[in-house]
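Engineer: Single-letter residue listing:
There are 2 protein chains.
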Amino acid sequence: MSVTIRKIAEDLNLAVSTVSKALRDSHEISDETKRRILDYARKLEYIPNPYAGSLKNKTTKNIAVVVPEVADTFFSNAINGIELVARAKGYHVMIYLTHESREREESILQDLRGGRVDGVLISVSQGVGGNSLIHSQLVTELPLIFFDRACDGVETARVLTDDFESSYKATQHLVSRGCREIVFLAAAGELSITRQRREGFLKALGDSGVEKPEKHIVMCSEDDDKSFTVIKNALMDKQAVDGVVCSVEKLAIQAYRVCQTYTLAIPDRIKIIAFSNLQIAGLLAPSMTTVVQPAFAMGEAAATLLFKALAKKLDITKERIVLPSEICERDSTRGTGIFRM
Amino acid sequence: MSVTIRKIAEDLNLAVSTVSKALRDSHEISDETKRRILDYARKLEYIPNPYAGSLKNKTTKNIAVVVPEVADTFFSNAINGIELVARAKGYHVMIYLTHESREREESILQDLRGGRVDGVLISVSQGVGGNSLIHSQLVTELPLIFFDRACDGVETARVLTDDFESSYKATQHLVSRGCREIVFLAAAGELSITRQRREGFLKALGDSGVEKPEKHIVMCSEDDDKSFTVIKNALMDKQAVDGVVCSVEKLAIQAYRVCQTYTLAIPDRIKIIAFSNLQIAGLLAPSMTTVVQPAFAMGEAAATLLFKALAKKLDITKERIVLPSEICERDSTRGTGIFRM
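In order, the protein sequences belong to chains L and B.
Be aware that the first sequence starts at 1, since it is given in the numbering used here, and climbs by one per residue.
Be aware that the second sequence starts at 1001, since it is given in the numbering used here, and climbs by one per residue.
Do not take every clue at face value.
BS3-like mimics (lysine-lysine), calculated; alpha carbons at most 30 Å apart, straight line [unchecked claim]:
| hint | chain 1 | residue 1 | chain 2 | residue 2 |
| --- | --- | --- | --- | --- |
| 1 | L | LYS89 | L | LYS238 |
| 2 | B | LYS1232 | L | LYS61 |
| 3 | L | LYS7 | B | LYS1061 |
| 4 | L | LYS238 | L | LYS212 |
| 5 | L | LYS7 | B | LYS1169 |
| 6 | B | LYS1169 | B | LYS1232 |
| 7 | B | LYS1089 | L | LYS61 |
| 8 | L | LYS7 | B | LYS1089 |
| 9 | B | LYS1169 | L | LYS312 |
| 10 | B | LYS1203 | B | LYS1232 |
Residues on chain B that point at chain L, a partial pick, calculated with CB under 10 Å [as the list claims (entries may be wrong)]:
| hint | residue |
| --- | --- |
| 11 | ILE1029 |
| 12 | VAL1070 |
| 13 | ASN1077 |
| 14 | GLU1083 |
| 15 | VAL1085 |
| 16 | TYR1096 |
| 17 | SER1107 |
| 18 | ARG1177 |
| 19 | ILE1253 |
| 20 | PHE1307 |
FYI, nobody ran anything at the bench for these hints, they're computed from the structure.
Idealized CB from N, CA, C, for every residue including glycine.
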């Protein structure tokens, strides 16, 4: 049987209201009675209803982490960084998945209004554009921080990576390896990170003397099988693509599948570089050159900022942390491509 | 400014208690007044404090999913299965990570007592043994269902795979491919699935005529780097190990790393089969033969059982669903090994 205030009151021969007030440390109850009630409650291992406590204290000791998915290595690493910080603060982390659906994300945020959590860390789904009413609304009600994927139009703190610069470098890397026909596999949706990575690619291609670089953008789908077909068509085209920049991990996996299925040799026929935090990138056939985001550090930084806002009621709205990504060279971009010229 | 009951009362020139009762659909308030208050509350987009509502209805529309990690593909797939069912029921899924720590798991479960969620789906961490006080306690308070990893001593529903049988088959598979010195990489901890997989291995090895099969168990660590060293020592041993059964995905990754680092050719020198749901197992060098658990279906089954318990107050304690795993043959166990004899 679970221990209730009623049981404590009956056992101690007191009124329910007296026990209730004592447990809330009310001045109406004498110290002696309070001690008697608290000792007995502790003995019975009484657990207060957390929601009742929340009404009083207005803190829940919960933070919400809202992410598109956990199958992507970036998000699972970032969550580990967030958890490390939250645990040290005695907070519980509740993870919510949007599955890249705008509707789902709005419903989750709507539900987070009104006291369920103390703060929110969010990486928005591809379905969310640059602006969103519910995101703007929530920011006025509790601390909310974007990490990696943000709504441009919503004014609050954000922890990002240097997407433009690292995409520029990734493209340059392929050029330096002798690639002449490079395509960019773009993820669906209108996220700022997608746009930044695309812009970095276009700039690098333009700087290397390619005319109309925008013709080298390949728009992929949220659906893996559809992306597979789109990538297959792009790589089997008569243009003889010899370099691929994958803007997200799941597109890199589809690009590898296409090359495996149609025996397009990596790196001899096609070189591939991908934004990915896949731990086993080095075990793939061939090992994959990656642009690695500092996922764990980003999670840590976002959580640290959130607790700063919670503790000191700091205005964090203007905070903007940018952490650099790193290129990790492996076999998928090996060689100079000199034999192909 | 956020809308409160007080504001609604002031605007409509009513008592706060009247508004509060109307919003809780009390019989003390006339239908006409109720309609007037509800219409106005809707117009102002009034959001009830979810915790206040919870005190009254005693339902939260939340379920908790407690898992060791999300970096393992099994868990991320199982979560997707759970979410599919929960979403259809209008429930929110809150994911909690234990990071294989008993202490952390106990703290999370303690926090889930007393009304924060309506039910719990849990895959216990390696640190939790066959029995646990807090798990037993929680089962008496709200519906709790184990999936994949269970406490043997705790009586409640569970959704499992045929760990003994599939480990037996995995071992037989290596024997049929000509392996003569097979080891089993065992995960740390005393979980039932760990034990079942080990027993299946021992039985298969015994049936194939190996004496003292228990000498072929290699105990690994929770720490990746330590496991790497343990596996290296086992594979470089003078016994000339030629077959490896990996009991969990993370050990398979370390086994691959060892073979890559010390150029032990897979499958010619060593054949590897692993319990893993890794989607890209087919893209590894070489592609990896896996025992694939029906992760998504297990998540779906566990969630379906939970909602059955919630809706009909069914006693699900005795339910035990076992879904079969499948062996997916790839290059890491290719060949007959005939040249080695």
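Engineer: Please verify whether L/LYS7 and B/LYS1061 have alpha carbons no more than 30 Å apart.
Structural biologist: 27 Å, holds
Engineer: Given the proposed pairing of L/LYS7 with B/LYS1089, does the C-alpha separation stay at or below 30 Å?
Structural biologist: 35 Å, violated
Engineer: Does B/ARG1177 pass the interface check with chain L, least Cβ-Cβ distance below 10 Å?
Structural biologist: 20 Å, violated
Engineer: Identify whether the interface hint at B/ILE1253 stands, where standing means a beta carbon of chain L within less than 10 Å of its own.
Structural biologist: Holds, about 6 Å.
Engineer: Tell me if the straight-line CA distance from L/LYS238 to L/LYS212 falls inside 30 Å.
Structural biologist: Measuring from Cα to Cα gives roughly 18 Å; hence the hint holds.
Engineer: Tell me if B/GLU1083 is really an interface residue toward chain L, meaning its C-beta lies closer than 10 Å to one of theirs.
Structural biologist: B/GLU1083 check passes; min Cβ-Cβ to chain L is 6 Å, inside 10 Å.
Engineer: Let me know if the C-beta of B/TYR1096 comes in closer than 10 Å to any C-beta of chain L, holds or violated.
Structural biologist: Constraint on B/TYR1096 satisfied, holds at 7 Å.
Engineer: Going straight from one Cα to the other, do B/LYS1169 and B/LYS1232 come out at no more than 30 Å?
Structural biologist: Status holds; Cα separation ~25 Å.
Engineer: Hint check: is the beta carbon of B/VAL1070 less than 10 Å from a beta carbon of chain L?
Structural biologist: This hint holds: B/VAL1070 lies near chain L, its Cβ roughly 4 Å from the closest one there, short of 10 Å.
Engineer: Quickly compare the C-alpha distance for B/LYS1169 and L/LYS312 to 30 Å and report which way the hint goes.
Structural biologist: 59 Å, violated
Engineer: Against chain L, run the beta carbon of B/ASN1077 and see if the smallest gap drops under 10 Å.
Structural biologist: 8 Å, holds
Engineer: Is the hinted pair B/LYS1089 and L/LYS61 satisfied, with a Cα-Cα distance of at most 30 Å?
Structural biologist: 27 Å, holds
Hint violations for this structure: numbers 1, 2, 5, 8, 9, 11, 15, 18, 20, all remaining hints satisfied.
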